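Colleague: In case you want the letters, here they are:
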Amino acid sequence: DAGITQSPRHKVTETGTPVTLRCHQTENHRYMYWYRQDPGHGLRLIHYSYGVKDTDKGEVSDGYSVSRSKTEDFLLTLESATSSQTSVYFCAISESAVNTIYFGEGSWLTVV
Amino acid sequence: ELKVEQNPLFLSMQEGKNYTIYCNYSTTSDRLYWYRQDPGKSLESLFVLLSNGAVKQEGRLMASLDTKARLSTLHITAAVHDLSATYFCAAGTQGGSEKLVFGKGTKLTVNP
Numbered sequence: 001d002a003g004i005t006q007s008p009r010h011k012v013t014e015t016g017t018p019v020t021l022r023c024h025q026t027e028n029h030r031y032m033y034w035y036r037q038d039p040g041h042g043l044r045l046i047h048y049s050y051g052v053k054d055t056d057k058g059e060v061s062d063g064y065s066v067s068r069s070k071t072e073d074f075l076l077t078l079e080s081a082t083s084s085q086t087s088v089y090f091c092a093i094s095e096s097a098v099n100t101i102y103f104g105e106g107s108w109l110t111v112v
Numbered sequence: 001e002l003k004v005e006q007n008p009l010f011l012s013m014q015e016g017k018n019y020t021i022y023c024n025y026s027t028t029s030d031r032l033y034w035y036r037q038d039p040g041k042s043l044e045s046l047f048v049l050l051s052n053g054a055v056k057q058e059g060r061l062m063a064s065l066d067t068k069a070r071l072s073t074l075h076i077t078a079a080v081h082d083l084s085a086t087y088f089c090a091a092g093t094q095g096g097s098e099k100l101v102f103g104k105g106t107k108l109t110v111n112p
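Quick mapping for you: the protein sequence lines, in order, are chains A and B. For the first sequence, the numbering used here gives the first residue as 1, with consecutive numbering after it. For the second sequence, the numbering used here gives the first residue as 1, with consecutive numbering after it.
Hints in this document: simulated from the structure, not taken from any laboratory. Computed from a predicted model, the values in this text were never measured in an experiment. No residue lacks a Cβ here, since even glycine has one placed at the ideal position from N, Cα and C. Fair warning: there could be bad hints in the mix.
What the simulated footprint calls covered on chain B by chain A, stretch by stretch (three residues with Cβ under 8 Å from a Cβ of chain A suffice, anywhere in the stretch; the number is not a length) [as the list claims (entries may be wrong)]: (1) 29-40; (2) 55-64; (3) 101-108.
Sample of chain A residues with no beta-carbon within 10 Å of chain B, all distances over it, derived [what the hints assert, rightly or not]: (4) Gly42; (5) Ser65; (6) Arg68; (7) Ser80; (8) Thr86; (9) Glu105.
With the sequences and hints as input, model every part of the structure.
Modeller: Pasting the structure below:
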């Protein structure tokens, strides 16, 4: 299994509060991604990173920000959580743009 | 804009039968991935297809890619209950983009 750790794994938070999800990898892979998974939508890319301090937006980036200050850590922040951001969030990593993408175990976020 | 469509979205089959899941994508793509997901779990990489005519097999699963038709298939041979899961395909946009677009998934149930 790829060395990917997501934290927290489960969280319940209130509307309007900021939330940060952390992804930590031990593979030294260059690329890191944040996806969200919702019923009927499959997986949708939120943001991705192609190196330290190099990030770009994905399909559903509104309301989210990311940071990558070290190769091994990729943080996803919900600036002001809304109920529409209740979802399962997956971190993923890959060595390059064409290599296999490995997924973490997921973080279940509920915004009430 | 790259769009990926899978069909069927739900598939119920009997053990021992064969079936195919189809993955169509709308614009030129240079790579196609297949993943498996069990309920409440992460995504497990099954296949990465990088060229026209690529065929890969693992056990009872075989994936193929036809870039001219913009079609990938996942063929299941002599299904067994353990193959019950949701299967996702994902296509990458051409030009070195790191962004993958996922289909909505096919939920496969194999009945004894």
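Colleague: All hints, please: hold or fail.
Modeller: Going down the list of hints, with the structure as the test:
1. 29-40: holds (count 4)
2. 55-64: Not satisfied, violated; 0 residues make the cut.
3. 101-108: It holds, with 5 qualifying residues against the three required.
4. Gly42: Check fails; 4 Å does not lie beyond 10 Å.
5. Ser65: Non-interface label on A:Ser65 holds, nearest chain B Cβ at 18 Å vs cutoff 10 Å.
6. Arg68: The claim stands: A:Arg68 keeps its Cβ more than 10 Å from every Cβ of chain B (closest is about 14 Å).
7. Ser80: Holds, because the least Cβ-Cβ distance between A:Ser80 and chain B comes to about 26 Å, which exceeds 10 Å.
8. Thr86: holds (16 Å)
9. Glu105: Since the minimum Cβ distance to chain B is about 5 Å, A:Glu105 lies within 10 Å and the statement is violated.
In terms of the numbered hints stated before, the structure departs from hints 2, 4, 9, listed from lowest to highest.
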